[in-house]
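With the hints as constraints, model all of the structure from the sequences given.
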Amino acid sequence: MVSQREEMDKGIILHGFVPVRGEPSERSEMTSQVLFGESYDILEFNKEWSFIRLHFDDYQGWITNSAVSRLIQDDTPPDAQRIVIAQTAVVTREKTNQRVLLPAGSVTGITEKNDFNLNGELFRMAGPEQYIKPDPSNDLEPIIQQLISIPYLWGGRCGFGFDCSGLTQFLSRIKDVKLPRDSRQQAQKGININFMHETMQGDLAFFDNAEGEITHVGMILEGGRIVHASGYVRIDRIDQQGIFNVEKERYSHKLRVIKRPTFA
Numbered sequence: 005m006v007s008q009r010e011e012m013d014k015g016i017i018l019h020g021f022v023p024v025r026g027e028p029s030e031r032s033e034m035t036s037q038v039l040f041g042e043s044y045d046i047l048e049f050n051k052e053w054s055f056i057r058l059h060f061d062d063y064q065g066w067i068t069n070s071a072v073s074r075l076i077q078d079d080t081p082p083d084a085q086r087i088v089i090a091q092t093a094v095v096t097r098e099k100t101n102q103r104v105l106l107p108a109g110s111v112t113g114i115t116e117k118n119d120f121n122l123n124g125e126l127f128r129m130a131g132p133e134q135y136i137k138p139d140p141s142n143d144l145e146p147i148i149q150q151l152i153s154i155p156y157l158w159g160g161r162c163g164f165g166f167d168c169s170g171l172t173q174f175l176s177r178i179k180d181v182k183l184p185r186d187s188r189q190q191a192q193k194g195i196n197i198n199f200m201h202e203t204m205q206g207d208l209a210f211f212d213n214a215e216g217e218i219t220h221v222g223m224i225l226e227g228g229r230i231v232h233a234s235g236y237v238r239i240d241r242i243d244q245q246g247i248f249n250v251e252k253e254r255y256s257h258k259l260r261v262i263k264r265p266t267f268a
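So the mapping is simple: the numbering used here equals the position in the sequence shown, first residue as 1, plus 4.
Keep in mind that a hint or two might mislead.
Straight-line C-alpha distance at most 20 Å; calculated PhoX-like pairs for lysine-lysine [said to hold, decoys possible]:
| # | residue 1 | residue 2 |
| --- | --- | --- |
| 1 | Lys99 | Lys117 |
| 2 | Lys263 | Lys193 |
| 3 | Lys137 | Lys117 |
| 4 | Lys182 | Lys137 |
| 5 | Lys182 | Lys193 |
| 6 | Lys182 | Lys263 |
| 7 | Lys14 | Lys51 |
Note that these hints are calculated values from the structure, not bench results.
Just so it is clear, the structure is predicted and the values come from calculations on it, not from any experiment.
Spelled out as structure tokens, the structure:
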């Protein structure tokens, strides 16, 4: 039995990440993830599952109730928000002295002492090099180098595994750009860039299939390069035709459109 909430509850994730599934079943496909520090609305629930809407990108799906923590208080004002950029980082939960492994993409509210309050609890992080404040001026190159070879994971949007749109959403978030979850939705945002020589770091390149449907996205870097998740996080060459895979000596993805996202 599924119940709808008369008064909407809010939740927060205090684990590394929680799978978001299309149906309330462990057998259902993971379509996305909720990461540590991210909050959400609980729209419906039953004995074992909750149907949620993530606050960051409005993505909806089912998460297991064992991962649900009610949002008691929001301790992190937007200007104090930090994004974990190390592939993995460790925080200590002060109340229990429990260590929590955080993947890249997790959200914290770091202070100068590398500690933060989340939902009324104190957490401590090892060092400042593991996180960054979202800002349009952030240079993505050193962050991307830490992500190379992370495996492709359908529904993944963190350092344990990315799908193509999860990777671009994460990297854009570091630039303080808020993107939808899926590549087709991302392709509807921003302004068109007509030529490769007009591109800049952070522009998104979208690729289609034979039917003209957007099926892949990557982020353009300087020097005619693109970072994308295809098998794993990798950097390839890109031109007006598409992505050229140097290893296979052929084009792997056909370019459809280039977009420049706008800041959040």
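Going through the hints against the structure:
1. Lys99 to Lys117: holds (17 Å)
2. Lys263 to Lys193: Since the Cα atoms of Lys263 and Lys193 sit roughly 7 Å apart, the hinted pair holds (cutoff 20 Å).
3. Lys137 to Lys117: With a Cα-Cα distance of about 15 Å, the restraint between Lys137 and Lys117 holds, given a limit of 20 Å.
4. Lys182 to Lys137: holds (14 Å)
5. Lys182 to Lys193: holds (10 Å)
6. Lys182 to Lys263: Holds: Lys182 and Lys263 sit about 14 Å apart, inside 20 Å.
7. Lys14 to Lys51: holds (17 Å)
Figure legend: structure checked against the earlier numbered hints; every hint is met.
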